[in-house]
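Q: For reference, the chains in residue letters:
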Amino acid sequence: MRAVQTREQPQAVLPRRHILDLNDFTREEIETVFRTTDGMKEILTRQIKKVPTLRGKTVLTLFYEASTRTRVSFEQAGKILGADVINLTTSTSSVVKGESLVDTGRTLQAVRADVIVIRHASAGAPYLLAQHLQCSVVNAGDGAHAHPTQALLDLYTIREKLGRIEGLKVAIVGDILYSRVARSNLWGLSTMGARVVLCGPPPLLPAGFPPPADAVVAGGPALPPVTVETDVDRALDGADVVMALRIQHERMKGGLLPSMTEYARRYQVTEERMARAKPGALVLHPGPMNEGVEISPDVAHGTQSVIQEQVTNGVAVRMALLYLLCAREA
Amino acid sequence: MRAVQTREQPQAVLPRRHILDLNDFTREEIETVFRTTDGMKEILTRQIKKVPTLRGKTVLTLFYEASTRTRVSFEQAGKILGADVINLTTSTSSVVKGESLVDTGRTLQAVRADVIVIRHASAGAPYLLAQHLQCSVVNAGDGAHAHPTQALLDLYTIREKLGRIEGLKVAIVGDILYSRVARSNLWGLSTMGARVVLCGPPPLLPAGFPPPADAVVAGGPALPPVTVETDVDRALDGADVVMALRIQHERMKGGLLPSMTEYARRYQVTEERMARAKPGALVLHPGPMNEGVEISPDVAHGTQSVIQEQVTNGVAVRMALLYLLCAREA
Amino acid sequence: MRAVQTREQPQAVLPRRHILDLNDFTREEIETVFRTTDGMKEILTRQIKKVPTLRGKTVLTLFYEASTRTRVSFEQAGKILGADVINLTTSTSSVVKGESLVDTGRTLQAVRADVIVIRHASAGAPYLLAQHLQCSVVNAGDGAHAHPTQALLDLYTIREKLGRIEGLKVAIVGDILYSRVARSNLWGLSTMGARVVLCGPPPLLPAGFPPPADAVVAGGPALPPVTVETDVDRALDGADVVMALRIQHERMKGGLLPSMTEYARRYQVTEERMARAKPGALVLHPGPMNEGVEISPDVAHGTQSVIQEQVTNGVAVRMALLYLLCAREA
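Residue numbers (this note's numbering), protein chains in the order written: chain C, 220 to 549; chain U, 220 to 549; chain D, 220 to 549.
Keep in mind that the hints were calculated from the coordinates and are not lab data.
As the structure is a prediction and not an experimental result, all values here were calculated from the model.
From the three backbone atoms N, C-alpha and C, an ideal C-beta is built for every residue, glycine too.
Certain hints may be false.
A few chain U residues facing chain D, derived, Cβ under 8 angstroms [as the list claims (entries may be wrong)]:
hint, residue
1, Val-232
2, Arg-235
3, His-237
4, Lys-269
5, Lys-298
Working from the sequences, and respecting the hints, build out all of it.
A: Below, the structure is given as structure tokens:
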């Protein structure tokens with residue numbers, strides 16, 4: 220495999236075969252991802268945004284849940300690096316015949332997939348795959364458990380815009396209980412030295428803050444210390460970064476929220492509330508947004524929003540991860 | 220970007236970022252598309268039909284409606300030119316999460332798509348996207364409004380087979396009211412100097428001939444002068460080109476047509492009726508065909524039919540358009 | 220087209236345009252596929268598993284039925300050889316508009332597909348396509364009729380592991396009546412000189428052993444002589460190869476089987492039953508498996524199982540077939 224030429228780290232290595240969550244990533248590993256992403260971002264800005272780095276490698280996306288940005292982001296990342304990308308989604312696959320996840324994974328490994336990128340509604344599904352396969356497994360979101368590549372792109376965006384993560388106050392606002400994005404960010408942000416405040420209405424906050432039962436994966440450590448807050452004004456007070464999470468309509472049906480209007484009135488990230496954050500504080504959102512619910516349109520598209528940059532950085536981060544995983548074998 | 224070598228037009232340029240409809244295409248622009256298509260068609264005939272012209276470019280197809288030929292045609296066009304092509308269809312995307320069209324478009328732009336090819340059930344959807352994006356937008360069919368790449372391939376096929384478009388009589392027969400193909404062809408054919416006759420049963424003809432309300436897109440001019448005819452024999456009389464349109468089964472349900480049989484009896488393009496057209500008149504159909512309804516099998520597969528050539532020319536025309544749009548930035 | 224360098228057969232040729240079934244394959248043709256597959260398998264083991272052999276060729280997969288392994292296997296095969304691969308599945312195509320199969324095929328040919336790989340629920344569908352098209356058609360499974368590329372990969376795996384096929388006893392156990400895998404294997408194995416025993420409960424065995432009516436394709440010869448057996452112990456006695464077939468849940472509904480448990484008790488391929496086969500006998504399964512029904516987990520993942528090798532060989536065999544079909548025109 221031809222190496223990507225980046226001045227900073229000619230010999231970037233990640234001492235792991237899989238990307239499952241950030242709970243066991245060291246600060247050094249995250250910084251290796253950052254540096255590799257810097258080089259990838261430069262490639263993305265080229266007139267001809269294509270390199271032969273992963274020529275002859277196969278990236279297989281295995282999505283059991285709907286997705287626009289994550290699947291497309293991985294596909295774009297793989298193709299820009301010259302890999303072959305094969306997509307497999309539930310509705311068009313043998314999954315309908317009831318084959319077990321592990322057998323599906325073994326089959327994909329046997330067709331010589333180098334990396335399997337999996338999204339699944341069940342927490343822990345990527346771990347199950349990783350236990351049984353020799354090829355690399357990347358978790359692209361498993362139930363309410365983890366979404367490590369989203370967290371890495373959030374971390375990268377913060378570091379890119381503010382120059383550092385250490386010592387920052389990051390407020391994450393919304394449906395914390397069911398958010399794999401919040402959970403993976405909590406790990407990554409804590410490891411990088413940020414102070415995290417989780418904020419939402421009590422039914423959407425983890426009770427007593429252990430993670431819910433379905434998010435406990437065998438061998439995983441407990442979540443790091445974190446402040447939990449039900450008052451959004453206090454959560455945003457002096458924040459360097461505000462991350463709004465999507466409110467799922469399903470939460471209404473489940474009786475956890477009285478109405479979208481009531482949620483918006485009490486927790487929407489608005490210009491007025493952003494005034495409590497630090498001047499120049501960043502606004503992030505993992506998308507897709509419900510504008511007018513968890514975030515006001517003026518904030519979503521305002522000068523503090525880095526939501527589009529997050530998407531572009533997502534491609535660069537995933538290029539970096541695919542490169543680092545494939546470089547292991549080279 | 221490496222230029223495609225074509226003797227005729229070393230410096231082809233299209234002064235537009237988007238392909239939304241043909242209503243504002245000049246004759247010169249259409250001729251630029253024709254000349255560029257000539258070069259692309261030659262590539263299609265090669266043993267190795269692949270060039271690196273759009274290497275490093277990303278063509279993203281965003282289809283909210285079912286399609287065989289149009290999506291495959293764009294995918295083939297992009298791949299032959301060396302672009303990376305990423306497909307996104309409704310059922311497997313975040314669209315199910317209710318993200319707005321514009322937000323989806325912004326996300327796809329942020330993953331560095333160079334061209335978004337969109338098909339949508341709502342007239343005007345591609346315009347909305349184009350208003351908010353910097354990357355190129357190509358309309359691959361929006362509701363009953365427009366289908367400009369289909370019209371361009373029809374125009375190209377006529378010009379290729381008959382040597383000119385100016386002065387020809389073109390009869391378009393079928394469900395005119397709901398046909399985006401008819402509407403875009405009317406613009407293109409009129410601009411190129413053809414005389415267009417629209418023919419169909421009264422309930423499928425536009426009343427008084429303004430386009431129906433849902434086809435009016437902000438800023439668009441009125442349709443050009445055209446002859447409307449309910450008698451198919453008169454419509455075909457002396458025609459140089461006969462274009463049969465697909466009759467949707469849904470029209471029966473809507474009560475606009477008594478039955479397929481009745482439609483076929485009165486409007487089917489048959490050998491007998493084709494005898495009224497000029498000798499050597501062409502038969503076109505945008506596909507997919509209901510053979511035995513709007514067109515008889517002997518005409519569909521007869522010597523005057525250029526229906527297969529239309530499909531091949533569709534790939535060449537879309538190669539030309541992708542090339543011309545991407546060449547703008549190079 | 221650049222030739223794949225294989226010492227053994229610099230000039231491999233297959234005197235056919237389509238791969239529809241193995242009933243008319245000669246021993247020489249099958250051996251040509253084997254030798255070409257040897258070369259392809261070497262490519263699959265490379266660090267950079269990519270060659271430009273089919274650059275500029277278009278492989279189009281047209282799947283009217285769900286599939287993981289077969290579609291992915293063809294896609295991987297095409298991409299490794301440098302072809303462009305375009306996927307078309309029922310739910311996202313014009314098929315929903317009711318276009319005829321032949322018209323769909325003509326359209327795909329007109330976009331310049333070089334090979335159409337079709338899976339269809341109706342026996343004979345690939346034959347219909349082949350009758351009307353000039354491009355190559357590969358049958359990736361048609362109803363209960365044939366699945367020639369699966370049979371070729373089974374044959375290749377047996378020959379690779381045991382050194383020969385001639386004279387071997389091969390027991391195929393399960394839902395013989397509805398199995399396209401069994402039917403194509405019967406042809407291929409017989410041609411290569413193996414002795415085949417078909418085994419299953421009486422309702423899943425062909426009565427009097429003509430194939431069922433829907434599997435009779437015009438012009439096809441009768442099936443070769445074969446032993447039919449309802450006792451699995453007798454079937455496995457002294458076998459060199461045991462192939463377990465998937466039991467479809469639908470068979471229960473149809474009243475052909477009392478229960479999965481009853482089937483498993485009487486026909487499951489277990490360690491105990493495998494003791495009757497020759498020492499070192501191979502266990503094959505076309506996948507996806509119902510572990511614990513037609514095959515016990517210890518056998519499925521045991522030392523005699525070559526199920527994962529089958530999957531890898533499937534990619535190599537399909538590379539060989541795509542290469543041989545495209546080489547015809549070069």
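Q: Next step is simple, just say for each hint if it's right about the structure.
A: For each hint, the structure was consulted:
Restraint check, Val-232 of chain U versus chain D: the minimum CB separation of about 27 angstroms is more than 8 angstroms; hint violated. A cut of 8 angstroms between beta carbons decides the hint on Arg-235 of chain U: the least distance to chain D is about 26 angstroms, and the hint is violated. The beta carbon of His-237 of chain U comes no nearer than 24 angstroms to any beta carbon in chain D, farther than 8 angstroms, and the hint placing it at the interface is violated. Residue-level restraint check for Lys-269 of chain U holds (minimum Cβ-Cβ distance to chain D is 4 angstroms; threshold 8 angstroms).
At about 4 angstroms, the closest approach between the beta carbon of Lys-298 of chain U and any beta carbon in chain D falls short of 8 angstroms, and the interface hint on this residue holds.
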